[in-house]
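Going down the list, the protein sequences come from chains S and C. Going by the working numbering, 289 is the number at position 73 of the first sequence; the sequence numbering is gapless. Going by the working numbering, 302 is the number at position 221 of the second sequence; the sequence numbering is gapless.
Hints may contain errors.
[Claimed, not checked] Derived SDA-like pairs (lysine to any residue); straight-line CA-CA distance at most 25 Å: (1) Lys226/S - Thr294/C; (2) Lys279/S - Leu236/C; (3) Lys279/S - His96/C; (4) Lys279/S - Lys155/C; (5) Lys235/S - Ala158/C; (6) Lys279/S - Ile229/S; (7) Lys288/S - Glu249/S; (8) Lys155/C - Glu270/S; (9) Lys235/S - Ser290/S; (10) Lys155/C - Asp196/C; (11) Lys279/S - Leu147/C; (12) Lys218/S - Phe260/C; (13) Lys195/C - Gly205/C; (14) Lys218/S - Leu230/S; (15) Lys218/S - Lys235/S; (16) Lys226/S - Ile144/C; (17) Lys218/S - Glu270/S; (18) Lys226/S - Met276/S; (19) Lys279/S - Ile144/C; (20) Lys218/S - Ala275/S.
Source of the hints: derived by calculation from the structure; they are not laboratory data.
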Amino acid sequence: MKVRVLVSLKPGILDPQGKAVEQGLHGFGFQVEQVRIGRLIELEVPAADRAEAETRARAMCEKLLVNPVMEKASIEVL
Amino acid sequence: MRVAIPTFPGSNCDHDALHACGTVMGWDAVPVWHRSERLPEGTDLVFIPGGFSYGDYLRCGAIAALSPIMADIKRFADQGGLVAGICNGFQILCEAHLLPGALLRNESLRFIHKDVHLRVERTGLAFTGAMAVGQILRVPIAHAEGNYTLDRDGLAALEARGGVVFRYCSAEGETGPEFTPNGAVNGIAGIVNERGNVLGMMPHPERAVEDVTGGTDGLWLFKSIGGMLSKV
Numbered sequence: 217m218k219v220r221v222l223v224s225l226k227p228g229i230l231d232p233q234g235k236a237v238e239q240g241l242h243g244f245g246f247q248v249e250q251v252r253i254g255r256l257i258e259l260e261v262p263a264a265d266r267a268e269a270e271t272r273a274r275a276m277c278e279k280l281l282v283n284p285v286m287e288k289a290s291i292e293v294l
Numbered sequence: 082m083r084v085a086i087p088t089f090p091g092s093n094c095d096h097d098a099l100h101a102c103g104t105v106m107g108w109d110a111v112p113v114w115h116r117s118e119r120l121p122e123g124t125d126l127v128f129i130p131g132g133f134s135y136g137d138y139l140r141c142g143a144i145a146a147l148s149p150i151m152a153d154i155k156r157f158a159d160q161g162g163l164v165a166g167i168c169n170g171f172q173i174l175c176e177a178h179l180l181p182g183a184l185l186r187n188e189s190l191r192f193i194h195k196d197v198h199l200r201v202e203r204t205g206l207a208f209t210g211a212m213a214v215g216q217i218l219r220v221p222i223a224h225a226e227g228n229y230t231l232d233r234d235g236l237a238a239l240e241a242r243g244g245v246v247f248r249y250c251s252a253e254g255e256t257g258p259e260f261t262p263n264g265a266v267n268g269i270a271g272i273v274n275e276r277g278n279v280l281g282m283m284p285h286p287e288r289a290v291e292d293v294t295g296g297t298d299g300l301w302l303f304k305s306i307g308g309m310l311s312k313v
C-alpha cells in the first residue's frame, strides 16, 4: 500500500531554507508572507488494510523518519 | 587509556581525532568501523568524530545513530562510560537520544568555518576537570548544522541542571546572539547528559591541539579527560 508521509518543521522552529526561498520569491516580485519547507517521503508498505498501513508508517516516523524535537508528520494512505 | 574512535561512511574528522588522542596525547587510540558490534575490550572513552555520516541523508546523524556500533556505545554510556561527540558526533548523539535536543541548519544558511571563543560553563565533569568556570577557549568550528535547539521546557531543565558545558562568547567572554555564529539557542555550543558522562559539542577541540595548526586550547578537554581517568 502506498503511504505518503509529509514531514514539516514544527511551528516556531526556524526554517532558514524557507526564509531564503521566501526572499528569492520576493526578488521575483511575488507576494508571499511565509515559506516553510518540508520533506515528502513515499513508502510502499505491505499491509492488509489502510489502518494497518497507517500504524506501520506511524511507527516508522517515531523510530526514524521524524525528529520530534523539530519536526511533525502527517500520514496519508493513498 | 584506551579511546575508541568510530568511523561511519562519511566521517572525515576520525583521523584528526586519532592524531589528537594517539600522537598528541599518547593514548591507545583505536579506530572502530561502524559495522562492528562491540567496542574494543577495555575502552575508557568513545570519541565520536565529525564529518558527514551517510551524506547527512534524512537528517544529520540520523542514519549513523542506527549503526551497529551505536548499540554498543549506548550500552557503554548506560554503564557510565565516557562518550564525547564532536560536530557530527554531537548530531549523532542527539539522534541516538543520548543527548536532548537537535541541531538545525545554521541561521545564516551557510557552512561556517572559523575559530570561535567558548566560555566554560560547567566544571567538575570528566570532560572539564582541568578547566575553570568562565575560562575562555579558542577552538575552530566547521559546520552547516550547528544551530542547537530544544523545546522551551527542555531548555529550562537543561539550563537548571547545569547541562550547558560550553557557550559561544566574545574574546572577552561576553555571550549573546551576536557572539553565537550559528543561531544556537542561548548560545549553546556544548552540552552534557544528566549523569555527566556523555558530552556533545559542535566546536572541534581535536583540531586545536598543536601550535602549528593555530592553537592548543582543545588540549584542555583532552587533559581533563586524561586527568580524570588516571585517578580511577
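Status of each hint after checking the structure:
About 40 Å separates the Cα atoms of Lys226/S and Thr294/C, which puts this hinted pair outside 25 Å; it is violated. The hinted pair formed by Lys279/S and Leu236/C meets the criterion: a straight-line CA distance of about 23 Å does not exceed 25 Å. Pair hint Lys279/S plus His96/C does not hold up; C-alpha atoms about 31 Å apart against a cutoff of 25 Å. For the given pair, Lys279/S sits about 16 Å from Lys155/C by alpha-carbon distance, which is consistent with the 25 Å threshold.
Restraint check: the Cα-Cα separation between Lys235/S and Ala158/C comes to about 38 Å, which exceeds 25 Å; the hinted pair is violated. For a cut-off of 25 Å, the pair hint linking Lys279/S to Ile229/S stands: about 21 Å separates their Cα positions. The hinted pair formed by Lys288/S and Glu249/S meets the criterion: a straight-line CA distance of about 22 Å does not exceed 25 Å. The suggested pairing of Lys155/C with Glu270/S is violated, with an alpha-carbon distance near 30 Å, which exceeds 25 Å.
Between Lys235/S and Ser290/S the CA atoms are separated by roughly 22 Å; this keeps the pair inside 25 Å, and the hint holds. Between Lys155/C and Asp196/C the CA atoms are separated by roughly 31 Å; this puts the pair beyond 25 Å, and the hint is violated. Between Lys279/S and Leu147/C the alpha-carbon distance is near 10 Å, which keeps this suggested pair within the 25 Å criterion. Distance hint between Lys218/S and Phe260/C is unfulfilled; the C-alpha atoms sit about 47 Å from each other, more than 25 Å.
For a cut-off of 25 Å, the pair hint linking Lys195/C to Gly205/C is broken: about 28 Å separates their Cα positions. Taken as a hint, the Lys218/S and Leu230/S pair is broken in the structure, with Cα atoms around 31 Å apart against an allowance of 25 Å. A threshold of 25 Å between alpha carbons decides the hint, and for Lys218/S with Lys235/S the separation of about 32 Å lies outside it, so the pair is violated. Simply put, Lys226/S and Ile144/C have alpha-carbon atoms about 21 Å apart, close enough for the 25 Å limit, and the pair holds.
Distance hint between Lys218/S and Glu270/S is fulfilled; the C-alpha atoms sit about 10 Å from each other, no more than 25 Å. Restraint check for Lys226/S and Met276/S: the C-alpha separation of about 18 Å stays at or below 25 Å, so the hint holds. For the suggested pair Lys279/S and Ile144/C, the alpha carbons sit about 11 Å apart, so the restraint of at most 25 Å is met. The suggested pairing of Lys218/S with Ala275/S holds, with an alpha-carbon distance near 15 Å, which does not exceed 25 Å.
Hints 1, 3, 5, 8, 10, 12, 13, 14, 15 from the list above are not met by this structure, while the remaining hints are.
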